[in-house]
Amino acid sequence: GDDVVICCAVRTAITKAKKGGFRSTPPEEMLRALFEEVVRRTNLVPADVEDIQIGNVLQLGAGAMSSRLGQFLAGFPHTVPLSTVNRQCSSGLQAVAGIAASISARQIDIGIAGGVESMSLFDMRKGTTVDESVRSTTVASNIDATNTLLPAGITSERVAEHYNVPRKRQDELAAASHEKAFAADAEGKFKDEIVPVTTVAKNKDGTVEQVVVDRDDGIRKDTTVESLSHLKPAFQADGSTTPGNASQVSDGAAMILLARRSVAEAKNLPIVGKWCSFAVAGVPPDMMGIGPIPAVPRALQRAGLKLGDIAVVELNEAFASQVAVVVDNLQIPEEKLNPNGGAFALGHPLGCTGTISSL
6 GDDVVICCAV RTAITKAKKG GFRSTPPEEM LRALFEEVVR RTNLVPADVE
56 DIQIGNVLQL GAGAMSSRLG QFLAGFPHTV PLSTVNRQCS SGLQAVAGIA
106 ASISARQIDI GIAGGVESMS LFDMRKGTTV DESVRSTTVA SNIDATNTLL
156 PAGITSERVA EHYNVPRKRQ DELAAASHEK AFAADAEGKF KDEIVPVTTV
206 AKNKDGTVEQ VVVDRDDGIR KDTTVESLSH LKPAFQADGS TTPGNASQVS
256 DGAAMILLAR RSVAEAKNLP IVGKWCSFAV AGVPPDMMGI GPIPAVPRAL
306 QRAGLKLGDI AVVELNEAFA SQVAVVVDNL QIPEEKLNPN GGAFALGHPL
356 GCTGTISSL
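All you need for the numbering used here is the position in the sequence shown, starting with 1, plus 5.
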């Protein structure tokens, strides 16, 4: 049939917030590089794009302003509309789903989806909490509303406690992520998807250097279960979530060009994949991160598939506690899980990770 196809999928490298090559790079510059690369790789006529949707978490208004700036800096005309979306850590995936849905609904024929996050320039504490002075006073009387205010790290501890996930298991998942990511990087598996970006990085002493960012910098070759076991819990003294078995704080961007198959063929756009299905599900707010347990079976059912039909499962590694619970509940085979590593090793630029998982 005339389904939704993926014509191009690219990303920047993912770098450590405050320390890495993108520490001074505004989101619009990361996006600009990707918009330009999508055009270069596909010979896309920018004016042919009928909608753009970008996922972002920490910027005001989900970064609508900077995403629009990125579009213009890359030479896309104002006639190409843009919106941004915030579904927290799956914002970048929601953007892809939004564009795919618009194509399926015959609202558009060609669209660009993506995600971007600068966790260096936009503070996570400010970006994700509501000022108490403007919050409803009735929140305290509703348990789900109250739990929605819990810091993510505390929800990780609750998941570990509720499902009895031992610390060692969490460290094993994190060590495996680094091992897989190191091997993938060494084998050049990320080369094709990473777009080198020339940017400026400011140093603590006020000096500025020009850098080319073309490699993920969070992967640690020497990460072992043993080395991780020495790290102290980050969120509660008797907890099991540490900086080592949680995702890294990072900067990065990713982008996907989608089109209706007949239109892609007519315009000679490359076809590298197809969009099958999508599902979302809600879970208790104090159990953040277990959403794939109800969502994955829904997505599979809609695609007419079983988990056994799937070769690779890209699961966001927010915290090892939730990864363990999702893997066990869905019975995901170890060899299919994040074969090139995940957010423990590569990093988790919030609004962008969902798009990266789709590459």
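Hints are computed from structural coordinates only; laboratory data are not their basis. Be aware that a few hints might be false.
Under the rule of at most 30 Å between Cα atoms (straight-line distance), these lysine-lysine pairs were calculated in the DSSO-like manner [to be verified]:
#1 279 / 194
#2 194 / 23
#3 24 / 272
#4 237 / 226
#5 173 / 209
#6 131 / 23
#7 226 / 207
#8 131 / 209
#9 226 / 173
Here is what the structure says about each hint:
1. Between residue 279 and residue 194 the alpha-carbon distance is near 21 Å, which keeps this suggested pair within the 30 Å criterion.
2. For the suggested pair residue 194 and residue 23, the alpha carbons sit about 26 Å apart, so the restraint of at most 30 Å is met.
3. Restraint check for residue 24 and residue 272: the C-alpha separation of about 42 Å exceeds 30 Å, so the hint is violated.
4. For the suggested pair residue 237 and residue 226, the alpha carbons sit about 20 Å apart, so the restraint of at most 30 Å is met.
5. Restraint check for residue 173 and residue 209: the C-alpha separation of about 37 Å exceeds 30 Å, so the hint is violated.
6. Note on residue 131 and residue 23: the hinted pairing holds, with a Cα-Cα distance of about 16 Å set against a maximum of 30 Å.
7. For the hint pairing residue 226 with residue 207, the CA-to-CA distance comes to about 27 Å; that is within 30 Å, so the pair holds.
8. Restraint check for residue 131 and residue 209: satisfied, since their Cα atoms lie roughly 22 Å apart, inside the 30 Å limit.
9. The straight-line distance between the Cα atoms of residue 226 and residue 173 is roughly 19 Å, inside the 30 Å bound, and the hint therefore holds.
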